[in-house]
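Just so you know, the protein sequences line up as chains A, B and C, in that order. The opening residue of the first sequence carries number 253 in our numbering; numbering runs sequentially from there. The opening residue of the second sequence carries number 253 in our numbering; numbering runs sequentially from there. The opening residue of the third sequence carries number 253 in our numbering; numbering runs sequentially from there.
This list has only true hints and no planted wrong ones.
Same chains, same names: a pair is fine if it fits in one copy or spans any two.
In silico DSS-like cross-links for lysine-lysine, where the CA-CA straight-line distance does not exceed 30 Å:
1) 369 / 629
2) 658 / 545
3) 629 / 418
4) 418 / 369
5) 683 / 673
6) 499 / 629
7) 369 / 345
8) 345 / 399
9) 499 / 658
10) 673 / 658
11) 399 / 369
12) 418 / 345
13) 629 / 673
14) 369 / 405
15) 658 / 629
16) 658 / 683
17) 679 / 658
18) 405 / 345
19) 629 / 679
20) 683 / 629
Simulated from the structure, these hints should not be mistaken for laboratory data.
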Amino acid sequence: MKYSDVFLKQTQIDENVGNFCHRLAQDLFPICRSLTGPGVRETLAYLGQYLPGLTVHEVPSGTQAFDWTVPDEWIIRGGYITDESGQRIVDFKVHNLHVVGYSEPVDQWLDLEELDKHLYSLPDQPDAIPYITSYYSRRWGFCLTHKQRQTMKPGRYRVVIDSELKPGVLNYAELILPGQSEQEVLLSTYICHPSMANNELSGPVVTTALARWLISLENRRYTYRIVFIPETIGSILYLSRNMEHMKRHVVAGFNITCIGDDRTYSYLPSRAGNTVADRAALHVLQHIFPDFKRYTWLDRGSDERQYCAPGVDLPIATIMRSKYGEYPEYHTSLDDLTLVTPSGLEGGFTALQQAIEVIENNLRLNITVFCEPQLGKRGLYPTLSTKESGDQVRTMMNLISYCDGKTLLEIAEIVGEPVSKLLEILKPLIKNGLIQVTQD
Amino acid sequence: MKYSDVFLKQTQIDENVGNFCHRLAQDLFPICRSLTGPGVRETLAYLGQYLPGLTVHEVPSGTQAFDWTVPDEWIIRGGYITDESGQRIVDFKVHNLHVVGYSEPVDQWLDLEELDKHLYSLPDQPDAIPYITSYYSRRWGFCLTHKQRQTMKPGRYRVVIDSELKPGVLNYAELILPGQSEQEVLLSTYICHPSMANNELSGPVVTTALARWLISLENRRYTYRIVFIPETIGSILYLSRNMEHMKRHVVAGFNITCIGDDRTYSYLPSRAGNTVADRAALHVLQHIFPDFKRYTWLDRGSDERQYCAPGVDLPIATIMRSKYGEYPEYHTSLDDLTLVTPSGLEGGFTALQQAIEVIENNLRLNITVFCEPQLGKRGLYPTLSTKESGDQVRTMMNLISYCDGKTLLEIAEIVGEPVSKLLEILKPLIKNGLIQVTQD
Amino acid sequence: MKYSDVFLKQTQIDENVGNFCHRLAQDLFPICRSLTGPGVRETLAYLGQYLPGLTVHEVPSGTQAFDWTVPDEWIIRGGYITDESGQRIVDFKVHNLHVVGYSEPVDQWLDLEELDKHLYSLPDQPDAIPYITSYYSRRWGFCLTHKQRQTMKPGRYRVVIDSELKPGVLNYAELILPGQSEQEVLLSTYICHPSMANNELSGPVVTTALARWLISLENRRYTYRIVFIPETIGSILYLSRNMEHMKRHVVAGFNITCIGDDRTYSYLPSRAGNTVADRAALHVLQHIFPDFKRYTWLDRGSDERQYCAPGVDLPIATIMRSKYGEYPEYHTSLDDLTLVTPSGLEGGFTALQQAIEVIENNLRLNITVFCEPQLGKRGLYPTLSTKESGDQVRTMMNLISYCDGKTLLEIAEIVGEPVSKLLEILKPLIKNGLIQVTQD
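Looking at chain A on its own, in the form it has when it is part of the complex:
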């Protein structure tokens, strides 16, 4: 292949990526998303403005997807509890977490004692509204802060939920960005949670920013398959339609979730644990934030459960900031846009971007001469000899000494340097014909 074909070239993106992501998250935060329904469509339409080519699909309720069935569509217009005086104690308009997801419609008066069975709050987090859903068994309920609940006196209450549960559609969106190769990198994120920020708005907005960065690149090596789906049923459905193609083509991928707070970085492996996606994730995190938290497959909890299931076995790893289930605000109203910050989003974006760059640049390298090359005659030694240039030469010689058909990532793992640094050293060596590149 030609030298110019090998490396990514990037055009400038104007807005700071953290601000871009946070701006989108602010716009999307109030929308009440669920597995299905208008909130999902509104969200996908909004993201489509930023992603030319994003295609929204719809799948009828009742469609079979492996062991699962697409559920009825849920439409929620409002919901509230009033006391005898007519005062609204809890109102969906105030926070869309107040109504249990997939609640069936209700309009009735009850005693507090009866109502209590339909209320959900968190005694240990008295200011948080919990996030509760009941997708696959019919019920209704309200979530509220424990403080609110404690103010409710015995008496009669009216509960109203203005919802519909009926055959409709499940929506998801996909964007395919063709590359030089038909081999694919999968980016998957989910759009089924209402107003929460780390889990999950951070996922769709960072994925949107990554997609825009990928669109801006010349010479993409891989084709990118980017999907916005409801969690679990969405990935199962998507696999039921695309698995054979994906098993043949997907060489790496990431499930993108919980990627927006500022506290830490996390890694959760694929089921196989040693795919290129895993190794790229580990490589990047070790150099960005060596204290990142390392989880195991036994800690899984998102769409990797489907992508890596036995017989599916796609090479999908996960890079996160604070992992779902592991931070106090998880699945409550406290998971909001003060927790998820521009710098948190930018850090998450950068880790994923660098992991993708590692995969894109994971070229197989061979030196073209026997023994060490004479670098002096080629002007490949730094002209000024300083401690820094000495380290540079050392790293160059280490890199060259492993160009025996290993990939750049393998070499980076052995010599302990970031792929990005080795890449800068590698480019002139390729230009000079000292290193030959093959792609798998």
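Since the structure of chain A is already known, use the hints to place chains B and C on it.
Chains B and C in isolation, oriented as in the chain A frame:
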């Protein structure tokens, strides 16, 4: 295969297994066993009462067994030392360790000085009679406590050993319990030590209890080959007659010894170190008694030396309580039935029983649907949601996520749960057709 | 093969090897060696007196060797700096490190300020003359102690270097010692450094002693290829002429350098890291000096860079005393024959000798009987039973238990005993026909 064929079913055994083992040990303790002779036959006849189908074999002295020759038979009827006054200082009737094993006959008067060369005692354990044998070079001798020895005054002593060493037979017994498969599990124990309890009566009695438990089982997957032999020459002889068959059929096995005291558990690997027997032993001990002592092949000392020898290479591991050579009473009269207790024997029995169950249930598992199954519609979620049921669901999902052709033991090792617990979770999944079982 | 063919037999060498090496180093120390020139020829001629069959080769300047070209020959006759009074401040006659290696000729007067650009000293080691070369770009210069430099007052100085740089030859020497096999062990050392003792005179003199020991041996299994070359250009040149043959024949080898001081032992791996040479080096050092320093391929710096380069991939490891670059006297005039001692050289010699013995004796072993052999009837048990003889029997049984086609080194690694000890136990077992030997 049919679901009902897969799992062991057990009929009730009435007596507590620890008491059963201790009762047998009490009956057998006084018998003077050796490599050969009436004591061995008496022991095997006694065990035969509990083991229908146990077959006793006899092999003539002089028979060649690989590099070895079956020795002459030893018959011991009595032996004593008297002083000039005719008082018996040491008498075989008091303890059969008093006569050195395989002593030739003697009847003579000697000075203490001459006699002393034929006496064995332990200065560091002055109350213990040591256990000494001389199988392959002719001599005679007496073992006594160091305290006894120190009371002996200079003077004349008469020594009498009423023994015979002459061509006869070597005895061993075997019991074959057929299973669904011609593949075999070997249980081997030895019956050549006189009155000592951990090493070795614990071995034959626990093996007898295991055999009775195996007889009581329906649906045994494997055929069981259970042998009671004299140590070393017995296993070499047995292999010289059965090795080719055993190399083709034996998939796992245990040498059963030192399995009756209460102090600890021990593991000694096969020479290969990673056979199913080794992994089953480690798995069970890690869950029963995580502080078990882990030895290496370099610490070996019993019949695994033959079963695992180069070119034999059977997959035989060893689970013990206190290992031979590693406890102070070893090979002395202090290794008696106060050291070996019902609870010690029961613990040893249970560890071996569980290891056998792990091997029996080491099925290869495959999930029959792509992606995670929908468990709700199958009623496979616990109806009451508690912390415990949450753990149960988590474990079930972990198990399912590895059903890609791995065996149950492999999965147990990864998820860190006992096979027995996974088995209970597995059964309804198999019944529902979600998991398919294959046997190797 | 016959038993008598298997093991090395050594004839006596009279002089203590440490003294021998130190004597040679003293003779060779004053000679001004470089990549090329009369000093190299003088050195090789001197060593040839001790090494019958040593062949000196010459290669014309300008000869191509893979990516490199043999440089012009450098002849240095003298060099000095005088002050205005004619006093010699720095003189090549006093120490040949005073003139920068490969300096072009010069004879001129300059101001101190101008001269200063051509002076090299070490502020942190004010008593040391540094070792500086400029092989591949033309310049001239003087090295001196920092103390000397600080005494130089502003004024005029005359600098004279009486050198020549012109097409000539590069010299190297080789000695081939045929063995029973055409497979080869490579010993490579370099002869391009002027008056420094650990790096490098220790290398050529210890290699000379090893060659003499190898000559003295009967029944050498391997052919030995022993080369004395200038570093880097020499090994590249040598490979450019012999690589195909060496890739087919060399089974192990050592680059011999920095092998003469008394402070520590060091190991630097081949690029592959697990060749027989590496394992022999590690085995010997673990038993000689368990605190040896263990370097990685990333710490390399000598001819292993060429021998182990991608596509060359010879199995060459390095055993050193204090490694180049890691001791304060390195590449200065302080690296002299007080630092390198007879005992330091002897220790280095012994480590390499033992590593070669491990390679020579790395026989593949098979026991010829099934199960444990009956050692008593063969008289292979020690006659006196002591704690030491018990250990000996234990080690013998451990050795026997692994004779299933493993090599002696593999067994030594498992049982944790030195190959030399196992070899003594092995010899009678081979003689008795219990162990059969095959060579790879």
